[in-house]
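A.B. asks: Chain by chain, the residues:
2 protein chains.
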Amino acid sequence: MGKVVCLLSGGIDSAVTSAIAKSRGYEVYTITFDYGQRHRKEMKCAEEIAKWLGAKHKVIKADLRQIGGSALTDNIQIPDEYEGMPPTYVPARNTIFLSYALAYAEVIDADAIFIGVNAVDYSGYPDCREEYIKAFQNMANLATKRGVEGKEIKIEAPILYLTKGEIIRKGIELGVPFEKTWSCYRGGKKACGKCPSCLIRLKGFVEAGTEDPIEYESK
Amino acid sequence: MGKVVCLLSGGIDSAVTSAIAKSRGYEVYTITFDYGQRHRKEMKCAEEIAKWLGAKHKVIKADLRQIGGSALTDNIQIPDEYEGMPPTYVPARNTIFLSYALAYAEVIDADAIFIGVNAVDYSGYPDCREEYIKAFQNMANLATKRGVEGKEIKIEAPILYLTKGEIIRKGIELGVPFEKTWSCYRGGKKACGKCPSCLIRLKGFVEAGTEDPIEYESK
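Chains S and G are the protein sequences, given in the same order. Going by the numbering used here, the first residue of the first sequence is number 1, and it counts up by one from there. Going by the numbering used here, the first residue of the second sequence is number 1, and it counts up by one from there.
Here chain S stands alone, though its shape is the one from the complex (with noise of 0.2 Å):
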């Protein structure tokens, strides 16, 4: 089996996209991006389960704030609750990571990108459908000397239409240490239990019927 780049934020999905990588047993290189996310900890925890799962470690800076536009890297509140797209939408956010991983898997020589886009208990988000990643494939054949070469850079979303619960049950089979995973959209020291993502994630552990391990400020 030959090497794949997994994108690892330290939440719960891309935990476990990276695990199931790893369980069809490839070599895996983890890269999360530093984007100036005001929710730091997430960086650390990545740092964690990429060490859990014997991967080789990358960080990258692409600083978003630069460009701006979301509440998850400017100084705009994160609300409870929203009418239409989440105020936490990121411009073009998994464009630009898959970009970057596509440029990292070219230069290792990967076979395949995981990403753990899910397009069942999501945030409304336009770039974690399954025609987008698909577009982005095609693009990516485009792209690419390995492209031209023919041999594709397959991009893998293997837990896009599984729900939370699926996902838990699924890194509890493979041994995902979720005590390591961070999914709050604040930057405190314990998860807030109240933002859209902590509440997807508390409500995915009851479907799995399991306790999630982290503490909460309240939930």
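Hints listed in this document are in silico derivations from the structure and should not be mistaken for laboratory results. There may be inaccurate statements among the hints.
Claimed, not checked - Once the Cα atoms are required to be at most 30 Å apart in a straight line, the calculated DSBU-like pairs of lysine-lysine come out as:
no., chain 1, residue 1, chain 2, residue 2
1, G, K154, S, K61
2, S, K134, G, K61
3, G, K189, G, K134
4, S, K145, G, K56
5, G, K151, G, K134
6, S, K203, G, K145
7, S, K145, G, K22
8, S, K154, G, K145
9, G, K151, S, K41
10, S, K61, G, K170
11, S, K134, G, K145
12, S, K61, G, K44
13, S, K145, G, K134
All figures in this text were calculated on a predicted structure; none of them were measured in a lab.
Assemble chain G onto chain S, guided by the hints.
C.D. replies: For chain G alone, coordinates are given in the frame of chain S:
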């Protein structure tokens, strides 16, 4: 007319492309990438061209030395000649740059992104072809909030099929200050006159029937 984002490197192609955008009546927002290129002089040139355009200019730090794999960013010698894909190929560079441009276009609500890719007098880079641009467009429409709302951010490549001579003639017609442009891959005080980029530029001025106003070490 609305706003547009122009990728401006400091070279001839992006300068003429940005001038074309301006001549169409758009409000021009130029972006230049500080990606760790050895030929850093082009960033200063980009700033001066942006001033001439009357554009709002932004430098985006996106250090591709973190990824490596190219003679333009790594400590690899830039040869005068090569076979196959040139060592100056930067893996997924246009994809990374266009992704940032896409994010920025979404934040400022721009209607288009202008990029000076060229499929004629080019260096064999896969991400300079029409089919690549079309695939990026398709992906971009699915990636963004604007795309989902049916307001496409158009990827414009107006010099795609012009020869270098035609690009230079177009630039003269629009008054582009070519003395402020920089093409040489090597980071010297004067252009080297020998690297693939200098050779293409010099040939273009011959074709256009005019003198290149910049200084060369030798030519």
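A.B. asks: For each hint, tell me whether it holds in the structure or not.
C.D. replies: For each hint, the structure was consulted:
1. G:K154 to S:K61: Status holds; Cα separation ~28 Å.
2. S:K134 to G:K61: Between S:K134 and G:K61 the Cα gap is close to 28 Å, so the pair holds against 30 Å.
3. G:K189 to G:K134: violated (38 Å)
4. S:K145 to G:K56: violated (34 Å)
5. G:K151 to G:K134: At roughly 16 Å apart (the allowed maximum being 30 Å), G:K134 and G:K151 satisfy the hint.
6. S:K203 to G:K145: holds (26 Å)
7. S:K145 to G:K22: Violated - the C-alpha atoms of G:K22 and S:K145 are around 33 Å apart, more than 30 Å.
8. S:K154 to G:K145: holds (25 Å)
9. G:K151 to S:K41: violated (36 Å)
10. S:K61 to G:K170: violated (38 Å)
11. S:K134 to G:K145: The hint holds at about 18 Å.
12. S:K61 to G:K44: holds (23 Å)
13. S:K145 to G:K134: holds (18 Å)
In summary, the structure is inconsistent with hints 3, 4, 7, 9, 10 from the numbered list given earlier, while agreeing with the others.
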